[in-house]
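K.L.:
In order, the protein sequence lines correspond to chains D and A.
Residues 54 to 196 in this note's numbering are what the first sequence spells out, letter by letter.
Residues 3 to 148 in this note's numbering are what the second sequence spells out, letter by letter.
Any given hint could be a false lead.
Unchecked claim - Reference listing, derived: stretches of chain A covered by chain D, where coverage requires no fewer than 3 residues with Cβ under 8 Å from a Cβ of chain D:
# : region
1 : 29 to 39
2 : 128 to 142
Said to hold, decoys possible - Distance windows between CB atoms, simulated:
#  : chain 1 : residue 1 : chain 2 : residue 2 : range
3  : A       : Arg105    : D       : Val81     : 38 to 48 Å
4  : A       : Ile68     : D       : Gln99     : 38 to 48 Å
5  : D       : Val136    : A       : Leu111    : 51 to 61 Å
6  : D       : Ser61     : A       : Lys143    : 20 to 30 Å
7  : D       : Leu83     : A       : Trp44     : 19 to 29 Å
8  : A       : Ser36     : D       : Glu102    : 45 to 55 Å
9  : A       : Tyr96     : D       : Thr98     : 27 to 37 Å
10 : A       : Phe69     : D       : Ser61     : 20 to 30 Å
Worth flagging that the hints you see were computed from the coordinates, not collected in a lab.
Yeah, the Cβ is synthetic: ideal placement off N, Cα and C, and Gly gets one too.
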Amino acid sequence: MKKLLTLSSKILLIVTTFLLGMIILIDVILIENASAVNTFFNSVTQRIEKDESAAGKDSYYYKSSFKSVKELKKNGAAYVEAVVAEGATLLKNNNNVLPLEKDKEVSLFSTSSVDPVLTGTQLVAIYFANEIAGFAIHLLHKK
Amino acid sequence: MLEKIKVFFKEKSIGFYVALSVVVLSIIQVIIYSVAFGNSLWEKYISWQSILFSIIAIVLGIGLSIFKVTSKYAPSGVVLFEFLAFLMFARFGYIYFSELFFRRISAKLIFGMYYGYLWNAIISLLIFGLGIVSIFMKQSKEGVSA
Numbered sequence: 054m055k056k057l058l059t060l061s062s063k064i065l066l067i068v069t070t071f072l073l074g075m076i077i078l079i080d081v082i083l084i085e086n087a088s089a090v091n092t093f094f095n096s097v098t099q100r101i102e103k104d105e106s107a108a109g110k111d112s113y114y115y116k117s118s119f120k121s122v123k124e125l126k127k128n129g130a131a132y133v134e135a136v137v138a139e140g141a142t143l144l145k146n147n148n149n150v151l152p153l154e155k156d157k158e159v160s161l162f163s164t165s166s167v168d169p170v171l172t173g174t175q176l177v178a179i180y181f182a183n184e185i186a187g188f189a190i191h192l193l194h195k196k
Numbered sequence: 003m004l005e006k007i008k009v010f011f012k013e014k015s016i017g018f019y020v021a022l023s024v025v026v027l028s029i030i031q032v033i034i035y036s037v038a039f040g041n042s043l044w045e046k047y048i049s050w051q052s053i054l055f056s057i058i059a060i061v062l063g064i065g066l067s068i069f070k071v072t073s074k075y076a077p078s079g080v081v082l083f084e085f086l087a088f089l090m091f092a093r094f095g096y097i098y099f100s101e102l103f104f105r106r107i108s109a110k111l112i113f114g115m116y117y118g119y120l121w122n123a124i125i126s127l128l129i130f131g132l133g134i135v136s137i138f139m140k141q142s143k144e145g146v147s148a
């Protein structure tokens, strides 16, 4: 009987410790990602109340300089086009380097190549370049 | 001295060796974790708390196993601190897993993940499995004194 009691108390202690640890961990993670969790469950955490006393007053702080959403989108598209036009680089294909052959080594030079954040699209891009396309990627490491 | 060590190991039961294997696995885990996340590329994802708890688990496991009176608490101590180390590892590494397994999970993705995460997860599972088993096992042979 005593043995059984000791055994069951051991099992209970292990299960309780495991559950307690996991609850604390999940709690910390959920609090960190509260906004994503709320979006997933479609829960409302804040709402805008209409102030009756403000009726008739101009309450807009940031007024749009566009007359309609259509105009806004048109301007946005033009802006993106300008950014691409200014940011894109036309490469001269000397010695027919492009398209790159498989097993070629590629060096990346940018802020994020020195201080990379290996999540999201950057991780995916490196993964695809490395694993799928077969390029060896060199990142500049901080010394 | 050598004779004393021989007697020490002679008195120990299988439970002790299972607990010892957990301590050895913990040492391997600390080495792999430190090497995998100690480089400049991954250092921002390292959890020093995880390494600290693992080291406490190793010291506690060895320290408690030396004395017969405390040896029965050695597996519990190791498992408890390894669990804390695992929680810290998960706390700092969950973002990697959530992005890697976002919307799909496959064997290719599991075995293609960064070796620091993969081996740490595998060794943690082994530690918990063997550690919990060793908690229920006797650390010394019945009827042997000292």
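K.L.:
Any hints from earlier that this structure breaks? Give me their numbers in increasing order, please.
P.N.:
1, 3, 4, 5, 9
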